[in-house]
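**Student:** Chain by chain, the residues run as shown.
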Amino acid sequence: MALTGIAIYKMLAQTNCKECGYPTCLAFAMKLAARQVELSACPYVSEEVKAQLDSAAAPPVRLVSVGPEGHSLEVGNETVVYRHEKTFVHQPGVFFRLRADLDDQAFAERLDAVADYHIERVGQTLGPDGVAIEADSAPADRFASLVGKAAGKDVALILMASDPAVMEAGLKAAGASRPLIYPADAANQEAMVALAKTYKAPLVLRGADGDLEALANLADEAVKQGLEDLVLDPGTRGWADSLSALTRLRRAAIKKNFRPLGYPAIAFAGEAGDGPEKEAMLASQFIDRYAGFIVLDNFEPAALYSLLTLRQNIYTDPQKPIQVTPGLYEIGEPKAESPVLVTTNFSLTYFSVAGEVEGAGRPAWLLVSDSEGMSVLTAWAAGKFDAEAIGKAVKNTGIADKISHKKIVIPGAVATISGELEEELSGWEILVGPREAIGIPSYLRYLASNN
Amino acid sequence: MPVALPEVKETWSGKIVEVTLGAGPDKGGTRGRTVTVGGETALPFLHFEGQIPNRPVIAAEVSDRAPEDWSSLLTEAWGGVLEDPASWAARAEELGAEVIALSLDSAHPERGDTGAKEARATVRKVLEATSLPLIIYGPGQIDKDNEVLVAAAEEAKGERVALGNCEEKNYRTIVAAALANDQAVIAKTPIDVNLAKQLNVLIGDMGLARDRIIMDPTTGALGYGIEYTYSVMERVRLAALTGDAALQEPLLVTAGYEAWRAKEARTSEGVPAQWGDWNQRGLLWEANTSVTLLGTGADILVLRHPETISLVKYAVDELMKGV
Amino acid sequence: MSRYIARAAIRGANMIVGEAEQMVTSAVEDLGADTPVAFTNTAYYLPVILGFTGKEVTTLGQLPEVVDHAKKLLVDAPAKSLWLPYLGETLDAGAATLLAFEAMEGVRFARGQQPEPIQGLNLTGTSFTSPDSNGGARGDGGGFANGPIDDIQLRAWGIQLVDGRMPGFAAIVGAARSNEAAVSIVRELQKRNILVFLSGNVNGRSIIHQLMEEGVEMGYDTYIVPFGTDTISAIYALGFATRSALTFGGMTGGAVRDILLYNKYRVFAFVLALGEVDDLKYAAAAGAINYGFPVIADTLIPQILPTGVTTYEHVVSMPFDDIEGATDAEKARRMIQRCMEVRGVKVKITDVPIPVPYGSAFEGERVRKADLRVEFGGSKAHAFEYLRMVDTDQVEDGRITVVGPDFADLPEGGAMNLGIVIEVAGRKMQEDFEPVLERQVHYFVNGASGIQHVGQRDITWVRFSKGAVDKGFSIKNIGDILYARYHGEFGAIVDKVQVTLYTDPAEFEKWLGRARDAYQQRNVRLADMVDESVEEFYSCTLCQSFAPNHVCVVSPERLGLCGAYNWLDCKASYQINPTGPNQPIPKGIPLDKDLGIWQGSNAFAYQNTHQTVERVSLYSIMQDPMTACGCFECIAIIIPEANGVMVVSREDPSMTPAGMTFSTLAGVCGGGIQTPGMMGMGKYYLLSKKFISAEGGLKRVVWMSSFLKDTMAEDLKAVCEREGDPELLDKIADERYVTTVDELLPFLEEHGHPALAMESIL
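Protein chains in written order, with my numbering: chain F, 1 to 451; chain X, 1 to 323; chain R, 1 to 762.
Same shape as in the complex, but just chain F (with noise of 0.2 angstroms):
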C-alpha cells in the first residue's frame, strides 16, 4: 500500500541535510511517496526503515541503463498503467537489429545510418537509441569484431547470442559500453546470469508464449542469485499476444507491486516478418502499450520517423505539454504586407494555428510568444498572454522591420486584451481575430479582401 509523505517524513532523519538533492526532507518525502526517487537517495535511512519502506517507497518498473556510464540510456521507473493517471516516465529504446550474417559493408552502413540518424522536433533532438546484434550462429571471433565495431560508435548496445561463450566474446569486445544481454532462458539462465554479474551488464530473461509465471520465476531465480537489473521478454511476436503479454507485466508490477515482474520488457517487431510498413505500426503499439525496449529489422528513415514522433507524443508529461521556441514563424513565404499573427508557445496551439494557416494557403507571419507552454486562456487567466508578454516578443523578434505595415492579430478569446495591447504598442492596430484556430481561413481570406 503506497505511504504518504507525511507518513514518510516521519521516518526519515528530518535533518534537511539536502544530500539526496532536495532542500529539505519533506520534499524528498514527497517525491518518495509520488515514487519519483528511490529511497537509496538517502544516506541516513536505517535499516529497519528501509526494510519498511522498500516495498511502499522503491519504483514499481526497476530503472535499467544501458551504455557507458554517463550517457546511458534509462528504462523503466514507470508508475502507472494509464498515461493520464501520472505520465509515462522513460521513453522505450528503439533498437535496430544486425545480423552477423551481414557482410562487412552492409553491416557497417546500417550501423552508421543508425549512428548518424538525428532530427529535431518542436526543440528536441530524436534518434534512435542503439543497434542490436544478433550472432546467428557466427563464431565468437566474428561477433565480438561486429561488437568492437559498434562499441566505437555513439550507440547503445543489445548483444543478442545464446551461445554463453559467444556472449562473453561479444561482452569483451563491448568494453565499458554496459550492454543489454539477450537472451537469458530456461537452457542457458546460470551461465548468462553469471556472465551478466560478470560484466555488470542488465539481462533479459526469455519466456515463451507469453507465460508469464515461467517468466516470473526465472526472475526470481536470477534475483536470488544476486542480479537486479533484469529485462522481460515475454515470448510473444505478434500483435494481440504481445499487448496482452505487456499490458499484464505492466499491471503486476503497477497494480499488484509484483516485484518478479517489476522490470521493463522489450519487444520485437519485426519478427512477424510482414515488411516495414507493418513493422512499424506494430511497433507503434510498443510504443503506445508498455514496451521498454524495442527491436526493429528494418531501417526505413520515414518509418523511424513516425515512430520517435509517436514515441515523443506518448512520452509528453500530461501536465507539461510540449512547447515550441518562442519566436518568429514563416508560414509559407511570407512577404512585408502578409498578415502577422500571434499565438502562444503550446505546442497544440502552435499546431493548430501553423496548421491552419498553412492549409489557408495564404502566407503569414506567425509570432509566438512565450507563454510557458499554456494555451491561450489558459496564458491569458495566468498573465502570461497579456499585452506586455505579447509587446515584447513584436519587440524582441524585430518583427517590424519584416513588415510593410503595422497590424498585428490577436486570438479571438483575448480580445479583452486589445485596448491594453494598443497602448503597450502604440502606432500598432490591434486586429481580433477568430476565437478558433478553424476560423483563421475564412478571417485570411476576409483580411485579404478588405485591403
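By construction, these hints were calculated from the structure, which means they are not laboratory data.
Model, not experiment: these values are computed from the prediction.
Virtual Cβ for every residue (Gly too), placed ideally from N, Cα, C.
One or more hints might be untrue.
[As the list claims (entries may be wrong)] To list a few chain X residues with every Cβ distance to chain F over 12 angstroms, as calculated:
#1 17
#2 66
#3 125
#4 140
#5 172
#6 227
#7 245
#8 287
#9 296
[Stated by the list, open to error] No farther apart than 20 angstroms at their CA atoms in a straight line, the calculated lysine to aspartate or glutamate pairs in the DMTMM-like style are these:
#10 X:313 with F:422
#11 F:255 with X:205
#12 X:9 with F:241
#13 R:369 with F:422
#14 F:395 with F:429
#15 F:256 with X:49
#16 F:50 with F:69
#17 R:346 with X:192
#18 F:31 with R:641
#19 X:169 with R:163
#20 F:320 with X:192
#21 F:10 with R:742
#22 F:18 with R:391
#23 R:369 with F:190
#24 R:369 with F:429
#25 X:263 with F:333
#26 F:384 with R:652
#27 X:9 with F:209
#28 X:321 with F:274
#29 X:321 with F:209
#30 X:263 with F:274
[Claimed, not checked] Computed footprint of chain F on chain R; a stretch qualifies when at least three of its residues, placed anywhere within it, have a C-beta under 8 angstroms from a C-beta of chain F:
#31 364-375
#32 658-665
With chain F fixed as given, assemble chains X and R onto it according to the hints.
**Tutor:** Chains X and R in isolation, oriented as in the chain F frame:
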C-alpha cells in the same frame, strides 16, 4: 512453481453500446451490408478479460466535391473517381472499406454553397453506387450543416445512416433530423471527457436511443496532439467500462483527415532527408495514428488513403486474434 | 379543478360524442363500412385516435369502435350540488371529445367535406394536403382551409420545434374582439416565431374571417395555418402534437401516457380561446390540457391556477378589456406575453439591436480621452449598476426606459451620472443570483464597439466614444444590450427583464440609495452563509480536462481552488446548465464535523474521481485534503519544523521555506492527486472560518507570500482579530524576511508566533 502470479485481470461492470449502421431490406433499407460496432466488455483487444464481439471498422472518406487541398499522394492513389462521389464510393468498397463517410463539402459557403437539393441528389447517387452503410457529414458550418443534413437524413430515410457532426452548437437540429428519419448521429466534442459526456446526456435528453449515438472525441494526428486524443479516449473507455452509462457509446476517429493535414504526410518539398520516403511516410502517418487510436478504443476509423485502408484492416485482423 | 368548468366540459363531451355517433352511423349506412377514411398526406392514420387507442383507422367501419371507446370515457355531468374533485373525469371527457372530433373529421373527409371550403381564402405556400385549395386554381375565387398539416411540413416544422428555433405553437380558437386585436395577436406570435393554428368561431365569425378581411396572408409560408371555422377542426392542432411525439419522440400508437408527457415537456403549445367559451370549447380545452397545453381565455371565465397536469396554470382568464394598454395592439402584446409565461415558452434573442457592431471581439477596446464623447462615472460623475429580482407582475419584459435627460447638451468629453437598474423575474430566479447576474453587466456592455465599461456596483464607469455616438448609440442602447444578453445567456433562470436608466438627479440618488442598501445586505448575507446553513455543496469538474481525477467541492465557506467560482456561482451555473461541470452535492450525513467530511461529498468525490479518492475533508490539510487541479491561486504546505503551514501565491516566484518555489510545489501536488500535507486553494479561503480549521486555522500559518498579505491586508487583519490575535499578521513571515526553513524558526520565535505552542501538526 515457487512464485505464483497475481491475478491481473480487471473485472468491468460496463459494456459499450452496440450501434448498427446501415439497414438492409429486412429493416426497410437497401444496404447490402451493415456494420455493428461496440459491445466491448474489455479494454481494446484484451481478449483475456472480456468480450470484444465486433471488430473495429474502416470508413473511407468520400467527398461530393473533388478535394482541392489533398496531397497529391492521395489524389494520385484515387485517380479520376475523385470527381464523382458515386464512383469514388464504389471504388472504396472494392478496396475494402466497410463504411462510406460521405462529406457534403460542396455545401460550404466558400466551397460551392450547394443546398438541400444537391445534397439529396448526392446522397441518392451514393446510396445507389454502394452497398455499404453511410456516414454523412455536413460541410462543418453550422447553418449549412443544418440545411443539408436535414435533407440528407430525409433522403436516406430507412437506411440508418449516421449524421455528423452533431456538436454542442447544433445538436438539437441534427438529433431532431435523426429522430424524424430514424438515423444515428456522430456526437463530436473537443478533446474533453466531460464535454463528451455532457453532449451524450443532452442528446439522450432529446430522446435519441443510445444505440444511435457514436462519439467522436476529436482526433489529434501523430505529431499534432495524438497524445491528447489517446488519453481522452482511454479515459472515456475506462469510465464506460466502470459503469458510466453516458460514455458507453462507440468511438469514431477521423485519422485520415487529421493525418493528411500534417505537413509530414502532405508534402515532400523542403523537408529534411531524415523524414525518409514520402509515400511511406504519408501512409505511416495515417496508419500509425490509426494503430494508436485502435489501442485506445476506436471503433470506427475514417481513413483517406486506399493503401492505409488495407494496412489498418490488417492490424485489426491481427488484433482480433484472441489469445 | 373548477366545478363549473368540469360540468361544462363533461356536458360538452357528452353532447359531441353523441353527435359523432350519429354522424358515424349514418356515414356507414350511406357510404358503406369499407369506404376509406384518411387524412391526406400523412402516414399516421387518424393520429389522435392512433395515439390514444393504437387503432390504425383506414375505413369508416372502424369508427364505431372509436366512438365506443370515447363513450366509455364519459360520465354523466356532475350535479350542481356535488362538490368533488372532477379532474380525472374532466380529463377523460376531454379525451373523449378529441376522439369524437377526429372521428367526425374522418367522416367529413370520407364525404369530401374537408378541407372546409372558405370563400375567398388563398393560402400561401404549397399545401400538400389540398393542392388545389388555392382559390386561384379553381378560378372562382373560392378557397379552402388547410385541414390537417401534411407529414413533410410536420417534419420541417417539427425539427424547428425540437431544436428550439421555433419556441412553440398557439392554437387559437374563436374570434378576437376586434379585427385589430386579431391582427395584433397573430403578429405578436409571428414576431416570436411561434406557429399559429386557427380554428373555431363565435356566432359564426372566425378569426380566419377577421384575418382575411385585414388582408393577412395565411398558409405554411407565413406560419399561420387556418384549420377550419368550427371548433372541431381544432383537432388538427392536437393531431400535429400527437404526430410530433410519434415522429420525434419515437413513440408508438397507443402509448398515450408517453405521448402526452412528451407534449407536456417538449412541445411548448398553448390554447388561446377568443370570445365566449361554450360547453364544446370547454370540452376541447379539457382535451388540450391532457397534453399539458394550458388555456388562456380573453373573456371572464373561472380559472384553474394550481399546477398539475400542465407545468404551470391550467386555465387562465384575461378579459381583454381589462388588460392594461391604450390600444388593442398593446393589449395583445401583454396577453401573448402572459401566454408565454403560462406555458413556460422561452424567447430566444440572438441579435443585439444597437447601432454599433457588437461581439466579444470588442470586449477589450478602450475609449481614450481624445475619442471620448461622454462618460458616466469616473472622477467627474457617478454611476452604479444594480440588478434586482422582483415579482413577475412588476416586470414588463423588454421595457427599456430612460428617466432623465440625455447627454446631448453636454460638451464633448463631458460627464454625467447614470444609474443602471435591471429588474428581472423568473420562475427559477433566486435572490442569491442577483450578484452573479449583476457582475455580467461588465462583459455585456463591453461587447459594444466604441463603448467601454469598467468597475462594478457603485464604482461603475462607462464611456461612449464619439464614433459610437455618431452612429447613433444612446443611453437606451445599454438597456437593449442588457435585455438581449440576459435573455440569451441566462434564459434558463430569467423569464423577464426590464431596464431603467436613471439620469434624473433625484431619481438617481433615490436608486443609488436603494442599490447601496442592497449591496450591504448582500455582504451581510454572504458573511452569514455558512456550510451548516445549506443542504447542498456544489462540485466543479471544469479542470478534469487536464486533471482527470480532480473534483472541487465548493461550499459556502470554501470557494473553488481557482478563486473564480464560489458556492453561489456554482449554484447559478447549475441552474443555467444542469448537465454542466457544477453539480449539486447533497451533503448527507456528517461524518466528521471538525475535518469537514460528509457522506455525500465523499460519495460524490469517489464517483467523480473515477474511484481514486474515497474521502475528502474540506477543513483539513493533513487528513484527506481536497485534490488539487493545477489552476489553484495558492498552495498551502506544512512546514513540520515550524509546526505550521505556509501559503504561497501564484504571483510569488520566490523560494519558500518548503525548499520549493510555487511552480515546483505545483508539480508535486497538482494533477488531481490527494497529497496530505499539501493542498491547492483559492486565496479568499484564507479568510474563511473554515480555513484549515481542523489544524487551528490562520494561527497555523507561519509564512505567507507578501502578495497575499498586501492585497488582502484589511480582510486579513479582520480575520486576525476574529481569531483573537490582532497582531497575528505581523507574526507570519514572508519572502521579504524568510526564504528558508532555517531562517523561519528564529523569525517565529522572535515574533512569538502561536503555532510554536500549538499541538503537533503531525
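**Student:** Give a verdict on every hint.
**Tutor:** Quick rundown of the hints versus the structure:
The claim that residue 17 of chain X lies off the interface holds: its Cβ sits roughly 22 angstroms from the closest Cβ of chain F, which is beyond the 12 angstroms cut-off. Every CB of chain F lies more than 12 angstroms from the CB of residue 66 of chain X, the least distance being 16 angstroms, so the non-interface label holds. Every beta carbon of chain F lies more than 12 angstroms from that of residue 125 of chain X, the smallest distance being close to 28 angstroms; the non-interface claim holds. Not every CB of chain F is more than 12 angstroms from the CB of residue 140 of chain X (nearest about 8 angstroms), against its label as outside the interface.
Every beta carbon of chain F lies more than 12 angstroms from that of residue 172 of chain X, the smallest distance being close to 21 angstroms; the non-interface claim holds. For residue 227 of chain X, the condition that its CB be more than 12 angstroms from all CB atoms of chain F is violated, with the nearest at approximately 4 angstroms. In this structure residue 245 of chain X is separated from chain F by more than 12 angstroms, as the shortest Cβ-Cβ distance comes to about 21 angstroms. Consistency note on residue 287 of chain X: stated as away from chain F, yet its beta-carbon is not over 12 angstroms from all of that chain's, at 5 angstroms minimum.
Here residue 296 of chain X does not stay apart from chain F, with its beta-carbon only about 8 angstroms from theirs, under the 12 angstroms limit. Restraint check for residue 313 of chain X and residue 422 of chain F: not satisfied, since their Cα atoms lie roughly 55 angstroms apart, outside the 20 angstroms limit. Taking the CA atoms of residue 255 of chain F and residue 205 of chain X, the gap is near 38 angstroms; set against the 20 angstroms cutoff, the hint is violated. For a cut-off of 20 angstroms, the pair hint linking residue 9 of chain X to residue 241 of chain F stands: about 15 angstroms separates their Cα positions.
For the suggested pair residue 369 of chain R and residue 422 of chain F, the alpha carbons sit about 14 angstroms apart, so the restraint of at most 20 angstroms is met. With a C-alpha separation of about 15 angstroms, the suggested pair residue 395 of chain F and residue 429 of chain F falls inside the 20 angstroms cut-off, and the hint holds. With a C-alpha separation of about 17 angstroms, the suggested pairing of residue 256 of chain F with residue 49 of chain X holds against the 20 angstroms cut-off. Between residue 50 of chain F and residue 69 of chain F the alpha-carbon distance is near 26 angstroms, which puts this suggested pair outside the 20 angstroms criterion.
Restraint check: the Cα-Cα separation between residue 346 of chain R and residue 192 of chain X comes to about 30 angstroms, which exceeds 20 angstroms; the hinted pair is violated. Distance restraint check for residue 31 of chain F and residue 641 of chain R: the Cα-Cα separation of roughly 18 angstroms lies within the 20 angstroms cut-off, and the hinted pair is therefore satisfied. With a CA separation close to 11 angstroms, the supplied pair residue 169 of chain X and residue 163 of chain R stays within the 20 angstroms bound. A hinted pair counts as satisfied when its Cα atoms are at most 20 angstroms apart, and residue 320 of chain F with residue 192 of chain X qualifies at roughly 17 angstroms.
With a CA separation close to 19 angstroms, the supplied pair residue 10 of chain F and residue 742 of chain R stays within the 20 angstroms bound. This hinted pair does not check out: residue 18 of chain F and residue 391 of chain R have alpha carbons roughly 67 angstroms apart, beyond 20 angstroms. Between residue 369 of chain R and residue 190 of chain F the alpha-carbon distance is near 88 angstroms, which puts this suggested pair outside the 20 angstroms criterion. For the given pair, residue 369 of chain R sits about 18 angstroms from residue 429 of chain F by alpha-carbon distance, which is consistent with the 20 angstroms threshold.
A C-alpha spacing of about 15 angstroms is found between residue 263 of chain X and residue 333 of chain F, which places the hinted pair at or below 20 angstroms, so the restraint holds. Restraint check for residue 384 of chain F and residue 652 of chain R: the C-alpha separation of about 14 angstroms stays at or below 20 angstroms, so the hint holds. With a CA separation close to 18 angstroms, the supplied pair residue 9 of chain X and residue 209 of chain F stays within the 20 angstroms bound. The hinted pair formed by residue 321 of chain X and residue 274 of chain F meets the criterion: a straight-line CA distance of about 16 angstroms does not exceed 20 angstroms.
With a CA separation close to 14 angstroms, the supplied pair residue 321 of chain X and residue 209 of chain F stays within the 20 angstroms bound. The hinted pair formed by residue 263 of chain X and residue 274 of chain F fails the criterion: a straight-line CA distance of about 27 angstroms is larger than 20 angstroms. Given a C-beta distance limit of less than 8 angstroms, the hint that chain F covers the segment 364-375 of chain R holds, as 3 residues qualify and 3 suffice. Residues of the segment 658-665 of chain R lying with their CB closer than 8 angstroms to a CB of chain F number 3, which satisfies the three-residue condition for coverage.
Checked against the numbered hints listed earlier, the structure breaks hints 4, 6, 8, 9, 10, 11, 16, 17, 22, 23, 30; every other hint is satisfied.
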